Amino acid sequence: MDIIAVTQDAPLLTIEGLSAWYEPNHPVLKDINIEVRPGEAVGLLGANGAGKTTLLHSICAVHRKMDYRSFLLNGEPSSPRSEAFKHQRYLSLTEDKSFPTWDLSNFIRFIERAYRMRHDAARLESLVRGFHFESYRTTVFAELSSGSRKKANLIAAFHAPAPLLLLDEPVDFLDFTATEFLYSAIVAARDDGRSVLLSSHIAESFTRCTSSVHVLKDGILTGPFPTPQDPHDVASLI
Numbered sequence: 001m002d003i004i005a006v007t008q009d010a011p012l013l014t015i016e017g018l019s020a021w022y023e024p025n026h027p028v029l030k031d032i033n034i035e036v037r038p039g040e041a042v043g044l045l046g047a048n049g050a051g052k053t054t055l056l057h058s059i060c061a062v063h064r065k066m067d068y069r070s071f072l073l074n075g076e077p078s079s080p081r082s083e084a085f086k087h088q089r090y091l092s093l094t095e096d097k098s099f100p101t102w103d104l105s106n107f108i109r110f111i112e113r114a115y116r117m118r119h120d121a122a123r124l125e126s127l128v129r130g131f132h133f134e135s136y137r138t139t140v141f142a143e144l145s146s147g148s149r150k151k152a153n154l155i156a157a158f159h160a161p162a163p164l165l166l167l168d169e170p171v172d173f174l175d176f177t178a179t180e181f182l183y184s185a186i187v188a189a190r191d192d193g194r195s196v197l198l199s200s201h202i203a204e205s206f207t208r209c210t211s212s213v214h215v216l217k218d219g220i221l222t223g224p225f226p227t228p229q230d231p232h233d234v235a236s237l238i
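FYI, the UniProt record's numbering numbers position 87 of the sequence shown as 87, with every residue one higher than the one before it.
Hints were generated in silico from the structure; no laboratory data involved.
These numbers were taken from a predicted model, which means no experiment stands behind them.
Yeah, the Cβ is synthetic: ideal placement off N, Cα and C, and Gly gets one too.
Per label pair, the in silico range of CB-to-CB distance:
1) Glu83 / Asp218: 30 to 38 Å
2) Ala114 / Thr139: 17 to 25 Å
3) Pro24 / Arg129: 42 to 50 Å
4) Glu134 / Ser184: 14 to 22 Å
5) Ala61 / His26: 17 to 25 Å
6) Pro24 / Asp233: 36 to 44 Å
7) Lys65 / Arg113: 28 to 36 Å
8) Ala122 / Glu95: 26 to 34 Å
9) Ala122 / Asn33: 36 to 44 Å
10) Pro77 / Asp120: 30 to 38 Å
11) Ser105 / Asp218: 42 to 50 Å
Could you put the whole structure together from the sequences, leaning on the hints where they help?
So this is what it looks like as structure tokens:
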């Protein structure tokens, strides 16, 4: 798999002063600062509706009603809309209804073209088996259950060579076996030098995968805090 080179000395992504809104003068995210380093898995903890999805969407310019003071990629000025950043990141949505007439093969070919990567059949097959997606390879996305559609998204995310993975509530809709494989895939990506920003309201997602956690509450991001080993201690951060 072709992993795009990153500079190990600098944080992969540094954002300062990010705010976002849906209605003018009513910010849902307020002056947020966040940093993600290569080989690091960072948690984004918050209750449902706290703004975790809006934050990830803002970072990737999916949500456009936002601004920021500084947006650095590998220590250099960039922006959520820049082509350089688009090729450095992959956003896996919590629920995705795009490409309803495609199956997994169509989706993977699209990802490989978008990231200009060589086809890695062995890597793809290991992800398909790991998420137990073998029976759904040729099923169009519109006919998949929410759990199977989430698996297709995650297969694409870990197959893509982007150094930064942004995973929005990745555990939602997954069965136990797929969840266990997801955790192992996040740890493997981290250990391979990739960066992961993981949002969840499930404490175990952080204790299993992350070294630090940010807490998003009332539009304000605090942290990073070292990830507690006990899920009950994670939940108490909110």
